[in-house]
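Protein chains in written order, with our numbering: chain A, 562 to 936; chain B, 988 to 1298; chain C, 256 to 340.
Since the hints were made in silico from the structure, they are not lab data.
Check the hints yourself; a few may be wrong.
Using 25 Å as the maximum straight-line C-alpha spacing, the simulated SDA-like pairs for lysine to any residue come out as follows [as the list claims (entries may be wrong)]:
1) Lys936/A x Gln926/A
2) Lys1085/B x Trp756/A
3) Lys1190/B x Trp762/A
Which residues of chain C face chain B? A partial, calculated answer using Cβ under 10 Å [unchecked claim]:
4) Cys290
5) Leu294
6) Cys300
7) Gly319
8) Gly338
Calculated from the model, a selection of chain A residues having no Cβ within reach of chain C, i.e. all distances over 10 Å [stated by the list, open to error]:
9) Pro615
10) His649
11) Cys676
12) Leu677
13) Asp689
14) Ser699
15) Asn768
These numbers were taken from a predicted model, which means no experiment stands behind them.
No residue lacks a Cβ here, since even glycine has one placed at the ideal position from N, Cα and C.
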Amino acid sequence: MKKILDTGNAACALAVKAAKVDMVAAYPITPQTSVAEKLAAYIGSGELQAKYLPVESEHSVMSAVAAAAAVGARVFTATSSQGLLYMHEILHYAAGGRLSIVMANVNRAVCAPWCLYVDHQDGVSQRDTGWIQLYAASNQEIYDSIFLAYKVAEAINIPVMVNYDGFLLSHSMMPFEIVDQEIIDEFLPVFQPDWRLHPDWGGTFGNVTPSDEYAPFRNRLADDMIKAGELIKNYAREYKELTGHWHGDLFDVYRPEGGEYFLLSMGSMAAEMELAVDILRKEGIPATGLRLRVFRPFPGAELSRLLPPDAKLLVFDRNHAFGTGGGVLLSEAKSVLFDRKDQVKITGQVMGLGGEDLPGDYLAQKAREMMEVLK
Amino acid sequence: MSVKIKDFSDVEYVLPGSAACAGCPSTIALRIVGKALGENAIMLMTPSCAVASIGLLPKSCYSLPTLNICFASAGASAGGLSLALDALYEKGRLKGEKPTVFNWVGDGGTYDIGLQGISAAAERNDDFIHFCYNNEAYSNTGVQRSGATPLHAITTTTPLGKEVHRKNVPLLMLEHRIPYVATASLAYPMDLYRKVAKAKSIKGFKYIEIHAPCYPGWKFASSDTVKMSRLAVKSGAWLLWEGEYGRLTLNNPTSLLAKGKMELLPVEEYIKSQGRYAHLMKSPDKKSYLAELEEEVKRGLKFMAGRAELI
Amino acid sequence: MSKPVVYPLSQPANGAGGPTGTWRTERPVLSPEKCTGCLLCWIYCPEGVISKKDRSINYDFCKGCGICAVECPKKAITMVKEGGQ
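Based on the sequences and whatever the hints tell you, model everything.
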């Protein structure tokens, strides 16, 4: 293992190389572009034995990797913002078709108006496509999440989106540790699907399906999505044993001891939130940070387990759930905690849209405002 | 290369009892295409009559491995699939000969919603054959106009007849200077078979467009599908040609028609039994409409013959 | 560790569109003495229900489109109304 200093996009590309993918298709979009460039360079130089398809749009990106996954190739792509939105139709197809695709989504605000900087509207808008969604908070976590994503996607036949914040992570240099190739190979052996779209296997994939046949396919995807939570936990531990790298399983919990106020968020703002927790603790407020690593499947039971009786949950959303008065995480948290019989209180705020800076003291101030609301 | 019908394989790639309409041009064409390609092939389809023809899961009328992908996806999906196969064969993950990858897509998925992806695959020279079976409308959804619907034809969204010309997508493909592009007709099965076999033997992007008269869409008798294909070629409403890397060759009988060595059948002979043109035939301006359509045919022949002379 | 195939897959089968012979209002009938074996009926059949070997017709699935009767150069196939006299 060796430590290097590089950007989040570089960490992502290095991990994809180590995952020995067979094919990459990508369409450039800020701030994802350098992932595509680096992978094209690795493939061009022969460092990565794979094929690169320079397609003409993101809709075509997902169409290409979905078909490539159907022949049993390990595939990768990366996108951002409008690119992810443009893929939306094929995101549903890929999940419904149970295709083991891994994609990085470098989170960026959506238009209109145009904005190049981070928020999570792109990723959370794909909530119900049937994709597993991970959110990383450091370049090391981006790197490690790519392997976890392939491991899970190939085990349970559900595509995985690895989200990380545009510019804040994608373009920021941070030290991270590269895992030895033999260890990666052990964790992530060659993909051996149990069916391929190929004359040796045969079959017509995805033709028109009557209602009574259709529902079981969709319900099985829903059930397997729930099961994916356990898989993620298990594989994260397996990876930790092999590499020593650990970012938490479904949540990364910061200063759990005696927590009364729980600050929930995801992405790099959740790492910043640790500073807010420190500030609040200094003021004598028993604050705990809950950084959500897995947005889909939403770890409701885990969240409930982390919250003691009468806990107060403060939700920091970097997105809007339009028409609900808050963000998506707030809606999700409220829905999964609805059945709690005790007096768990929940409130939330939307912030950090379009890359608005969220330093620790600002987040601490937001936490205090939310605490006032809950009084 | 000369092929006779008796030499065509008796292996069937469209199985009896499909959900296609009686007299469907797509299944006729696909039977011939399958025989020319053989068993080592992978087919992709986008929403179309050919998909509606499959029947319902868990059954399929197609015996080749088939991917039903989304409407605008044909170009990218076939390109991605073919490239992934290259990777898997190079790495030894799959053994033997790489299957022929081909799209079986209508004019909707080719001329309109799918054009961007197909153009991009052609420009990249992705290794697959794109077949467009062109029935000149969105027949699957009940016959709405497409970019391939010809002038004056009635569809459910052009109730007074289409007021503008169709596109010439095969010509666009020729100008992508791909390794092979051809047009074909059901009425000339040996020509179709030869073109498919040729496309199969070439690496890179190949485009074959097959004229596919649709009896419910065009409103003629279901028994006349092949007859209508023949009339289209003989009247010059559909031209047979092929091109390699931008070099164009007209095929017979189109070539003979262009040289004046064979007389063009009047367009009226082609359109008079098609209900989609009935309003022209009943119109007091019938003569001027027919003259306009004759002019359109002559322009097409002159243009393509001239283009064949260029390079 | 083997797991069930989860993909939405169909397998090739005759009659994937149902017993399509029931769609027919007219049936093609071959007069073998007129047939020269040119095979145009076989290659033009949209359903592939005419045998290449002996031109026998699979009426379970023949939809009765009549293309074979129109295309036969020897008029060896005639379309006969279904449903008796």
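Hints versus structure:
1. Lys936/A x Gln926/A: holds (16 Å)
2. Lys1085/B x Trp756/A: holds (17 Å)
3. Lys1190/B x Trp762/A: holds (24 Å)
4. Cys290: violated (14 Å)
5. Leu294: holds (5 Å)
6. Cys300: holds (7 Å)
7. Gly319: Holds: closest Cβ of chain B sits about 6 Å from glycine 319/C, inside 10 Å.
8. Gly338: At 17 Å from the nearest chain B Cβ, glycine 338/C fails the 10 Å test, so the hint is violated.
9. Pro615: holds (28 Å)
10. His649: holds (20 Å)
11. Cys676: Consistent with the label, cysteine 676/A stays out of reach of chain C, its closest Cβ about 38 Å off (over 10 Å).
12. Leu677: Non-interface label stands for leucine 677/A: nearest chain C Cβ at 38 Å, farther than 10 Å.
13. Asp689: Its Cβ never comes within 10 Å of chain C, the nearest being 19 Å, so this holds.
14. Ser699: Nearest chain C Cβ is 33 Å from serine 699/A, so the label holds.
15. Asn768: violated (5 Å)
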